[in-house]
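**Q** Single-letter residue listing:
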Amino acid sequence: MSQVSSMQPVLAARDLGVSYGNRKVLEIPEIDVIPNRVLALIGPNGSGKTTLLLCLALLLKPTSGKILYRGETVLDGSKTLQLRRRFAVAFQEPLLLNTTVRENVRLGLRLRGFDSAEIKRRTDYWLEKFGIASLAERNARTLSGGEAQRASLARAFALQPEVLFLDEPFAALDSPTRQSLFGDMVNILQETRFTTVLVTHDRNEAQTLAHRIVMLVNGKIVQSGTPREIFSSPVNEEVARFVGIENVIEGKIVANRNGVVDIQVNGSIIEGISGAQIGELVDICIRPEHITLSPVRSSTSARNVFAGKITSLLAAGALVRVSLDCGFPLVALITRLSADELNLEVGKQVFASFKATAIHVISVK
Amino acid sequence: MDLIIDGIKHAFLLLIHGDPKVIQVVWLSLAVSGSATILSLCIGIPLGSVLGLARFPGRRFIISLINTGMGAPPVVVGLAVTIFLWRNGPLGVLHLLYTPSAMVLAQFVIALPLVAGFTLATIQQQDPKLRLQILSLGASRFQMVWLLLKEARLPLLAAVMAGFGAVISEVGASMMVGGNITGQTQVMTTAIVGETSKGEFAVAIAFSIILMVLVYLVNFVLTTIQQRSRAG
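Protein chains in written order, with this note's numbering: chain W, 1 to 365; chain E, 1 to 232.
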């Protein structure tokens, strides 16, 4: 971590605020864009992700605070145009102009004054790279959604920007199209190592692409860290639910033996690892895939074993989502094969077990 | 019945033989309305763009003024321009009244709100994010507006047609500020009025046919463009 933070950020924002009238939509004390890294801005709709992206890309003037480019404050005026020409943005909608695909990809390069040989070289290269070379002479209006987004991305990548901004580039695509484009994008970003700011509300995209994640809620940063930190140690229930932790259970610390805590939940005791004090109220986070089900009380190393009644079974692809009532609600995700072997059905009793280390404990303020 | 048939027959003869008087009037009509349309484009497109893209005090007022202007009766415009150009009016020293220049001015005032209004509507229909996209590609403000207008070229062509169609078929203002002087300020519409009042139906019908063909052509192009842009 220290190695990363010692690198000078390409872009940074300090005390950034954006208001519409009296309504504050963004309040960011500090954020850094580190070279050759992917920074993902995640959060629910309306959390201010895109607003923050637009400020950093110098496309929206913040109400207060400042943007720094390589340590220097960005001032208004003609210099912002020069700086904008070092960046590139691709939005959720492809926003192509009514001309050929090739002309669309050429446009940014022409505006930035590249010579025609370089424009041709880069246009050909990136059209090929995004798999749309055969569509080069087609009118952009005749493309499918996926093809259009590839053209939009080729247009942004062809600029080989110092910072690449991607605003939910896959969100509007249907599932197979999204998967194929996302796969290509993972490879291209790994290869180019472009400094990237990615806005997404898809946790899997963030987890796969990002070196660092900043989670926004209501215009404020609620947590920032590596994907591992965010996904394994969310700071509150909202982040926990966003990163896919379906089991968030309220409880109270009743014992603490050198970091191993007993948490009382509706008459049961769950054992976990935490620095929380006795008497403290906490949220217990357990990922559904970390819960094992068995027909009898097993004698595994798991300390937490609870008898529960199955309240619902829901097949989701190759997995089955099992909802249990153990005195507290619990959701487990198991393979279809295990579900068949266990002969699960609603109303049946099973034993749910999970390790104390599989639990993430959040203090409730 | 004979009156109509003779009138149409005579009209076609005038057209086929290229009667110099007819040609002169048609030429003046096209020159006056063409100049007025070009002038209104030069002012109306930038005005509509600014109103569509910028936010400033008084913007709403100007937009409502334009909307009113889009439906203003040409006679009222004619009256206003006449007063301005009157001997002791504000622009009287220019001695423009009863000249083709006065007619260009009056028709410009009629076409301007149409062109500005169409431009404004076109710009506002575009995705606001398109501006950000174009700016992010490295365009200056000026380049951005140019690209947006280029992107809106089909609807803007409609603005051109609407403006030209309005002024070429307008009669009240041209009559008032031009005076319908034969050989000097007579255009097709005012000629139709003049010839009809003299009972010269053949000439009036000839001008009407030309005028209808022109208006038809304008509308045909307009419709084609609109249908194409809808399909695209």
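Treat the hints with care, since some could be wrong.
[What the hints assert, rightly or not] Below 27 Å or equal to it, Euclidean Cα-Cα: the simulated DSSO-like pairs (lysine-lysine) are:
#1 W:Lys-66 x W:Lys-79
#2 W:Lys-120 x E:Lys-198
#3 E:Lys-9 x E:Lys-198
#4 E:Lys-9 x W:Lys-79
#5 W:Lys-24 x E:Lys-129
#6 E:Lys-129 x W:Lys-129
#7 E:Lys-129 x E:Lys-21
No wet-lab data here; the hints were simulated from the structure.
**Q** Has the given pair, Lys-129 of chain E with Lys-129 of chain W, been kept, meaning a C-alpha gap of at most 27 Å?
**A** Holds, because 26 Å separates the two Cα atoms, which is no more than 27 Å.
**Q** Check the hint pairing Lys-120 of chain W with Lys-198 of chain E against an upper bound of 27 Å on the C-alpha distance.
**A** 69 Å, violated
**Q** CA of Lys-66 of chain W to CA of Lys-79 of chain W, is that 27 Å or under?
**A** 15 Å, holds
**Q** Is Lys-9 of chain E within 27 Å of Lys-198 of chain E, Cα to Cα?
**A** 19 Å, holds
**Q** CA of Lys-129 of chain E to CA of Lys-21 of chain E, is that 27 Å or under?
**A** Cα-Cα ~55 Å, so violated.
**Q** Take the C-alpha atoms of Lys-24 of chain W and Lys-129 of chain E, compute the straight-line distance between them, and say whether it is at most 27 Å.
**A** 21 Å, holds
**Q** Between Lys-9 of chain E and Lys-79 of chain W, does the CA-CA distance stay at or below 27 Å?
**A** 70 Å, violated
Hint compliance for this structure: hints 2, 4, 7 are broken, all remaining hints hold.
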